[in-house]
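Given chain A, work out where chain B should sit, using these hints.
So the sequence lines, in the order shown, correspond to chains A and B.
Using our numbering, you'd call the opening residue of the first sequence number 11 and step up by one each time.
Using our numbering, you'd call the opening residue of the second sequence number 1455 and step up by one each time.
Please keep in mind that the hints were generated in silico from the structure rather than gathered at the bench.
Note that this is a predicted model, so its numbers are computed, not measured.
The C-beta atom is built at its ideal place from N, Cα and C for all residues, glycine as well.
One or more hints might be untrue.
What the hints assert, rightly or not - Residues from chain A shown here face chain B by an in silico Cβ test under 8 Å; the list is partial:
id	residue
1	GLU29
2	ALA32
3	LEU33
4	PHE36
5	ALA42
6	GLN43
7	ALA44
8	PRO46
9	VAL70
10	ARG71
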Amino acid sequence: MFQVRFHGRGGQGVVTAAEMLALAAFNEGRYAQAFPSFGSERMGAPVVSFCRIDDREIRVREPVMEPDALIIQDPTLLHQVDVFGGCKADGFILINTAKSFDELGLGDFVKDFRHERLLTVPAAELAREHTGRPVANAALLGGFAALSGLISLDNVASAIRERFTGAVGEGNVAAARAAHAWVADQLRELSGAASG
Amino acid sequence: MLHQVEGSRAVAEAVALCRPEVVCAYPISPQTHIVENLSQLVKTGELAPCEFVNVESEFAAMSVAIGASATGARSYTATASQGLLYMAEALYNASGLGLPIVMTVANRAIGAPINIWNDHSDSMSQRDSGWIQLYAETNQEALDLHIQAFRMAEELSTPVMVCMDGFILTHAVERIDMPDQELVDAFLPSFQPRQVLDPDEPISIGAMVGPEAFMEVKYLAHAKQMQALELIPQIAADFKDAFERDSGGLLRTYRGEDAETIVVALGSVLGTIKDAVDELREQGVKIGVVGITSFRPFPLDAVRAALGHAQRVLVLEKALAVGVGGIVSANVRMALDGIELHGYTVIAGLGGRPITKASLLGLFAEAVADRLQPLSFLDMDWDVVNRELERIGSSRTSGPHAENILRDVGPVAAGPV
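Next up, chain A with everything else stripped away, as it sits in the complex:
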């Protein structure tokens, strides 16, 4: 079973992100379970959502406490909420920001992590470019597809289109493709640096 935890703020589409990831996994013929952190949602308040993906029926109903991947939609949460709680050293971390882990003050924290699994992507900027709004959720899923290889970009795109129709859907698909390309580039650079 692969477990993903999303962190963001009310209004950023954090719950929708988990749902779209579950939908993408479902479209690949897998079992998936997405659910929110059950708070009284308010605009701007910290929000958590979860997605589990497996090849068999998922029965467990507890929150994701030891995520295999963290997707952080709002970097202002990093020093307010324990977003890294239960995070594993071989886990994936994707943060919506133009800054690096070092610039975010996380260099020490992640020094034992697998660096090819930690990336930042300016998803809000890409979303603004393609949709006119800085809502990063769909773009981050595109980036996550590239980072983790867990789901295909095409299935992310179809999940986005199932959730959002028309221009909003197409804009978000474009943002997801852009973020996917960005992350794929970063990964190539990283592997180039490692081999060179």
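Frame of chain A; chain B shown alone:
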């Protein structure tokens, strides 16, 4: 057809497949998405003919359902928590009048202190209201139970409550198999009411009954639930024939054959319990699970047959009967009259506290070793409790519990759990 949808949406679509003619509801978390979806299906004409009545309270919601059902219309509503309490008087009227209303309860805690999260306090408080109560383990079962509930309600002329865990199920997006309309139509015949209010043939319903006949009329509600003990498994079997799925029934056993320890629970927590039990089975622990689907009527014989051979029974409950402890366990005890075994009541998950597999594994290990108290509280923070008890003891004017405890606990943002 397979879909990946939110539980609330799945239930709304399943209810629509049952062709209700009146849906009346007042929104309350975590039921809201169910009735929002239904109102949309009515507005778009996908669910027709059907009138969606926006009422001003839960008391009105149940009252409208009663009126609609009495005119022979298939009627549905949904609620949760304080909303269910607010309609309590009307609940008894619906069952006393024998009106086959189907209602979803999106299970949520009851205040004070106010809390919007899941437990079973709401529906458990209405266990003696005369309604049949079915508890869903998954969203698939939740939607299947609604289809079964309409048939059950109408065959018996008695109302049915389908209970599903608020947020944990209602807001979970997972795979469900949504049946075709033709299948549901074939399974659920059109509503043939036992009594009808019709202006062309006027009768009255709801007579005052004095001591000469009150017990007899009241007994009929009980008699119907005793009939339901036969009917519920039949409907589940028919459902399986038609839809090729196991859903509903009185109870279900998991790895119970040779189990020395059996865990009893209701609702979505059964999934996490089964995962924990699988782990313990791998270690050679003889442990099994009984999930009770029908809490009213309570299947005394089936529970006895499923638990009677065990050495110990642990009942995990999401509600607390203040002053005594367990509600489900009191019923389980009744089923086990005369059988010698260890019985443990564990109160868990109140007000949305997550019930984790790690905590369950620890709990079950304690139970297997017979180290549990007769009544215990999973993951209770006793320091917090004891601090407040000390305050109460040391000062006459110690103030309100909730505020004192929140000050002790400190601000809690939406962290990892």
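Fill in: Residue hint ALA32 of chain A, partner chain B, criterion CB-CB below 8 Å
holds, 5 Å
Worksheet item: Should the interface hint for VAL70 of chain A be scored as holding, given a Cβ-Cβ cut-off of 8 Å against chain B?
Response: With a closest approach of 5 Å, the VAL70 of chain A hint holds.
Fill in: Satisfaction of the GLN43 of chain A interface hint, Cβ to chain B closer than 8 Å
holds, 5 Å
Practice prompt. Tell me if GLU29 of chain A is really an interface residue toward chain B, meaning its C-beta lies closer than 8 Å to one of theirs.
Written response: Status holds, d = 5 Å.
Discussion item. Holds or violated: the hint that ALA44 of chain A contacts chain B, with Cβ atoms closer than 8 Å.
Written reply: holds, 4 Å
Worksheet entry | Hint status (Cβ of PHE36 of chain A to nearest Cβ of chain B, threshold 8 Å) | holds, 4 Å
Fill in: Evaluation of the interface hint that places ALA42 of chain A against chain B, nearest CB under 8 Å
At 7 Å from the nearest chain B Cβ, ALA42 of chain A passes the 8 Å test, so the hint holds.
Discussion item. Tell me if the interface restraint on PRO46 of chain A is satisfied: Cβ within less than 8 Å of some Cβ in chain B.
Written reply: holds, 6 Å
Item to complete: Would you settle whether the hint for LEU33 of chain A is holds or violated, based on the nearest Cβ-Cβ distance to chain B being less than 8 Å?
Response: Holds - the Cβ of LEU33 of chain A comes within 8 Å of chain B, reaching about 5 Å at its closest.
Discussion item. Does ARG71 of chain A hold up as a contact with chain B if the rule is Cβ-Cβ below 8 Å?
Written reply: This interface hint holds because 5 Å falls under the 8 Å limit.
In the structure shown, no violation is registered for any of the earlier numbered hints.
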